[in-house]
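Undergrad: So the sequence lines, in the order shown, correspond to chains A and B. All letters in the first sequence, in the order written, are residues 0 to 526 by numbering that gives the first Met the number 0. All letters in the second sequence, in the order written, are residues 0 to 286 by numbering that gives the first Met the number 0.
Keep in mind that the hints were calculated from the coordinates and are not lab data. It should be emphasised that the depicted structure is a prediction, and the values quoted were computed from it without experimental measurement. Hints should not be assumed to be uniformly reliable.
[To be verified] Once the Cα atoms are required to be at most 27 angstroms apart in a straight line, the calculated BS3-like pairs of lysine-lysine come out as:
no. : chain 1 : residue 1 : chain 2 : residue 2
1   : B       : LYS66     : A       : LYS423
2   : A       : LYS423    : B       : LYS122
3   : B       : LYS69     : A       : LYS492
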Amino acid sequence: MAHADSLAHDDHHDHKPHGIGRWLFATNHKDIGTMYLVFALAMFLLGGFMAMLIRLELFKPGLQFFDPGFYNSLVTSHALVMIFGGVMPAFVGLANWMVPLQIGAPDMALPRMNNYSFWILPFAFTLLLSSFFTAGGGPAGGWTLYPPLSLQAGTSFPLTIFAIHLMGASSIMGAINVIVTILNMRAPGMTLLRLPLFCWTWLITAYLLIAVMPVLAGAVTMLLTDHYFGTSFFNPAGGGDPVMFQHIFWFFGHPEVYILILPAFGIVSEIIPTFSRKPLFGYDAMVYATASIAFLSFIVWAHHMFTVGMPLAGQMFFMMSTMLIAVPTGVKVFNWTTTMWRGSLSFEPPMLFALAFLFLFSIGGFSGLMLAIAPADYQYQDTYFVVAHFHYVLVPGAVFAIMAGVYYWLPKWTGRMYSMALAKWHFWLSTISVNVLFFPQHFLGLAGMPRRIPDYSVQFTDWNMVSSIGGFAFGVSQLLFVAAIIHGVWYGKPATAKVWDAGVHGLEWTLPSPAPYHSFEEAPEIH
Amino acid sequence: MFYRKVATVLAGLAAATPALAYESTYNLPVGATDISARVFSLHMMMFWVCVAIAAVVFGVIIYSLWKFRKSTGAVADQTLTHSTNVEVIWTVIPVIILVATAIPAARTLIAMEDTRNSELTVKVVGYQWKWKYEYQGKGVSFFSTLAAESNYARQLGSGVDPTTVKDYLLDVDHPLVVPVDTKVRLLLTGNDVIHSWWVPDFAVKKDAIPGYINEAWFKANRTGRFTGQCAELCGRDHGFMPIVVNVVSKADFATWLDAQVAASKAGASAADPSAPAATAAAPTASL
Numbered sequence: 000m001a002h003a004d005s006l007a008h009d010d011h012h013d014h015k016p017h018g019i020g021r022w023l024f025a026t027n028h029k030d031i032g033t034m035y036l037v038f039a040l041a042m043f044l045l046g047g048f049m050a051m052l053i054r055l056e057l058f059k060p061g062l063q064f065f066d067p068g069f070y071n072s073l074v075t076s077h078a079l080v081m082i083f084g085g086v087m088p089a090f091v092g093l094a095n096w097m098v099p100l101q102i103g104a105p106d107m108a109l110p111r112m113n114n115y116s117f118w119i120l121p122f123a124f125t126l127l128l129s130s131f132f133t134a135g136g137g138p139a140g141g142w143t144l145y146p147p148l149s150l151q152a153g154t155s156f157p158l159t160i161f162a163i164h165l166m167g168a169s170s171i172m173g174a175i176n177v178i179v180t181i182l183n184m185r186a187p188g189m190t191l192l193r194l195p196l197f198c199w200t201w202l203i204t205a206y207l208l209i210a211v212m213p214v215l216a217g218a219v220t221m222l223l224t225d226h227y228f229g230t231s232f233f234n235p236a237g238g239g240d241p242v243m244f245q246h247i248f249w250f251f252g253h254p255e256v257y258i259l260i261l262p263a264f265g266i267v268s269e270i271i272p273t274f275s276r277k278p279l280f281g282y283d284a285m286v287y288a289t290a291s292i293a294f295l296s297f298i299v300w301a302h303h304m305f306t307v308g309m310p311l312a313g314q315m316f317f318m319m320s321t322m323l324i325a326v327p328t329g330v331k332v333f334n335w336t337t338t339m340w341r342g343s344l345s346f347e348p349p350m351l352f353a354l355a356f357l358f359l360f361s362i363g364g365f366s367g368l369m370l371a372i373a374p375a376d377y378q379y380q381d382t383y384f385v386v387a388h389f390h391y392v393l394v395p396g397a398v399f400a401i402m403a404g405v406y407y408w409l410p411k412w413t414g415r416m417y418s419m420a421l422a423k424w425h426f427w428l429s430t431i432s433v434n435v436l437f438f439p440q441h442f443l444g445l446a447g448m449p450r451r452i453p454d455y456s457v458q459f460t461d462w463n464m465v466s467s468i469g470g471f472a473f474g475v476s477q478l479l480f481v482a483a484i485i486h487g488v489w490y491g492k493p494a495t496a497k498v499w500d501a502g503v504h505g506l507e508w509t510l511p512s513p514a515p516y517h518s519f520e521e522a523p524e525i526h
Numbered sequence: 000m001f002y003r004k005v006a007t008v009l010a011g012l013a014a015a016t017p018a019l020a021y022e023s024t025y026n027l028p029v030g031a032t033d034i035s036a037r038v039f040s041l042h043m044m045m046f047w048v049c050v051a052i053a054a055v056v057f058g059v060i061i062y063s064l065w066k067f068r069k070s071t072g073a074v075a076d077q078t079l080t081h082s083t084n085v086e087v088i089w090t091v092i093p094v095i096i097l098v099a100t101a102i103p104a105a106r107t108l109i110a111m112e113d114t115r116n117s118e119l120t121v122k123v124v125g126y127q128w129k130w131k132y133e134y135q136g137k138g139v140s141f142f143s144t145l146a147a148e149s150n151y152a153r154q155l156g157s158g159v160d161p162t163t164v165k166d167y168l169l170d171v172d173h174p175l176v177v178p179v180d181t182k183v184r185l186l187l188t189g190n191d192v193i194h195s196w197w198v199p200d201f202a203v204k205k206d207a208i209p210g211y212i213n214e215a216w217f218k219a220n221r222t223g224r225f226t227g228q229c230a231e232l233c234g235r236d237h238g239f240m241p242i243v244v245n246v247v248s249k250a251d252f253a254t255w256l257d258a259q260v261a262a263s264k265a266g267a268s269a270a271d272p273s274a275p276a277a278t279a280a281a282p283t284a285s286l
C-alpha cells in the first residue's frame, strides 16, 4: 500500500517519511492502520491454513495425517491466531484508519503508543508460533487454557503465556488510544449522540477491553505461578480450585466475544444506511442497545460452564441473563431491517457482505438462544453445535463485517476502486461455502460429536465430508479477497471523493480519495 | 395463564416433529430417560421458536430487498428514522417470548438437579484416558477403556478402514452396567485433569473435575446399549475415551453384580473384571 500511496499521491505539501523507517517508526494513524490490517490479513490466512489442516484430518474417520497431540495444537493455535491475530487487530486497524477520519481529528491521540501497540503484535505471534518448534510442540490445551490440562504443556506453556500477555498489553494500549481519541478529539459540534456508530461501538468495545484484558492477564499469570513457582491457585491438591480459573477466564471471555462483534455492528450500521440511501433507523436505540449488550456481557459468563456443577440458583441466573441478551441484539437486527424498509437499495460488495452478516449472524444468534437454555445446553456443551454457533457469529459475523468494511473504505484509503467483479465472486463463493462449511456442524453436534477430537465414529462421516469440502472452498475463496485487494490497490480505476454513488454521509467522505496523509489539520465544521 | 398456552402450543409443535430423531445423524436423540425426552422437547421448542422468528424477520428483509431496489426506481423515504411505538413493541415482544420459553426450561432444570432418592450410586472417575466406575457399597469397581479393536484401528497410519471396525471409537472393554427403571446417581470426579461424562441418550453431561465431587443422575426407561464420549478436552487422547452403558433388566443386573463380587472375592483384581463374565452376564445388553 506504501507503493500505491507514493504512486497515486505525490503531494509536495503532504510530507511523509520514506523507506522502512516510515513503518518501523510510524506514528501516522493511516500507516499504523494499514500495518494492522495487513498483519490481520496475514494472520487470517495463517489461521485459515490451520483450519484447513483440521478439516483435512476430519475429512474421514481414522487418523490419516496428524498425531492427536499435534491436532490439539492446531485447534488451540487456530483459535488464538484468529481471535488475537485476525479479528482483533483487523478491528484496531479499521479504528486507526476510520476513527480520526470520522470524528474530524488529525490523528489518534497517542501516536507513539499506537506504534508500540502495533509492533508488539509481531513479537507476540512469533513467540506463540515458535512454540511449534519446541519440544512437545505448540500449545495443545485449547485456547481456553483450562488447568490442570494447560499445566501439562511443555515449553509451549511459557511462550503461550507471554504471547498472551503481549497481546493483552497491545489491546489495552489500542483501547486507551481509541477512548482518548474519541472523547477528546472530536471536531467541534460533534456531540456524542452525533458520533458515527462505528465510533460508538468501538468506544464501548474499548471500555470492554480495558475492563477484561487485565483479567485474562491475571488468570494466565496465576497459571504461570502455579506451573513454576509452586502456587496452588488452581491446584486442588494445594487447596486451589480448577473451576475458579474457568470463572475468571470466562469473566474475560464473554466480554471478549462482544469485543469481537460490537465493532462489526458498527461497520454494518455504517454500510446499510449508505446503500439504503436513508439514515440509520433508531440511532439512539442502537447506541443504547450496544451499551446494554456490553453491560450484559459482564453478567452471563458462566453460561460457558453449565456442566461444571453450579448450584441450581446459579444456573437459573446465568440462563435468564443470557436469554436477555437476545433483546438488545434483536433491537439491532430490527433497526437494520427497518433502515432498509422504504429505502432505495443497491447491492455493491460492502452491502452484500453486510446483508450476509445480517442473515448469518442472526442464525448464530438463534443457536445462541438455544444454547442459553441450560437443560438443552447440557446436550450442546462442548459439541460441534457450539462450534457451529460461534463460527456463525465469528466468520459470517465478525469476519464478513471486516470484509464489508474493507470493501467499503478501501477506495477511500487508496484512491482506487477495486474490481467489482472480483469482489462479487469473492462474496458469492464465500457466502455459499461458509454455509456448506458450518451449517452441517449443527447436525454433527446434535448427533453427538464432541468438539476438539481428531477422529470420530463412522456415523459422523457424511456431514464431516460436506463440512470439509465447504472448508476447502471457503479457504480457496479467500485468495480472491487477496487478489481483489492487490488488484484494487495497484491497478484499480481512480475513485471519487464520495466513492459510492449512494447516500454516503460522514466526515470521511468530505476528504479526497485517497485521504491525504495528513487530514483534518484544521477541525472541520459540523452542521 | 398465557405462558401455559404458549408452552402448550410449542410443545405440540415439538411433538409434531417426526420421532425419526432417534439414532439421527442430524438431531438430538429423544433418549432413554424421561429427562432426555423433556430436554428433546425443549430443544425442539426452541428450534421452532427460532424458525418462527427467522421466518418473520428474514421474510421482512427479503421482501425489502426485493421491493425497495434502487434498480426498480425505489425512492428512499428520508423521514423514516425512528418510531418510539415500534421500538417499544419490538422490545416487549421478545421479552414475552423469552419468559414463555424460560419457564419450561427452568422446570426441566429443577427436575434435572433433583438427585434425591437414588437407588444405586456409581462413582465415576475420569483418567487420562479412560473411565473408572466404582459401585458404591457393592465392592465392585473397574476401569473402562477403548476397545482393543478400535484402539488398534485408530493409530496413525494403522491402515485399518474404520468402517470395518465394530462400533469404531464407541466401544469399550468393560461397559458400565446398570439396571433399568432405577434411579442411578453418579458421583463424578477427575483424577488428573478435567473430563466430562456425556451420554446423549440420558441427557447427562457433567464435568469430572479434580478436587470436586459432582452429582448427576439418570433413570433409564428401557434396556439397551447407550454410548457417549468424553466432552471436555483432556489431552492427547481426549477423542479416545468413550463411554458405554449397558442398561439391563433388574434380574440380569443382580446376576451380573453377583458375578462381579464373586470374581473379586475369588482373587481376581476387582479393578479388572474379566470381560467374558461381563458379556455373558448381560446378554440382553448387546443389542
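Undergrad: For each hint, tell me whether it holds in the structure or not.
TA: Against the structure, the hints:
no., hint, verdict
1, B:LYS66 - A:LYS423, "holds (22 angstroms)"
2, A:LYS423 - B:LYS122, "violated (58 angstroms)"
3, B:LYS69 - A:LYS492, "holds (24 angstroms)"
Of the numbered hints given earlier, the model fails hint 2 alone.
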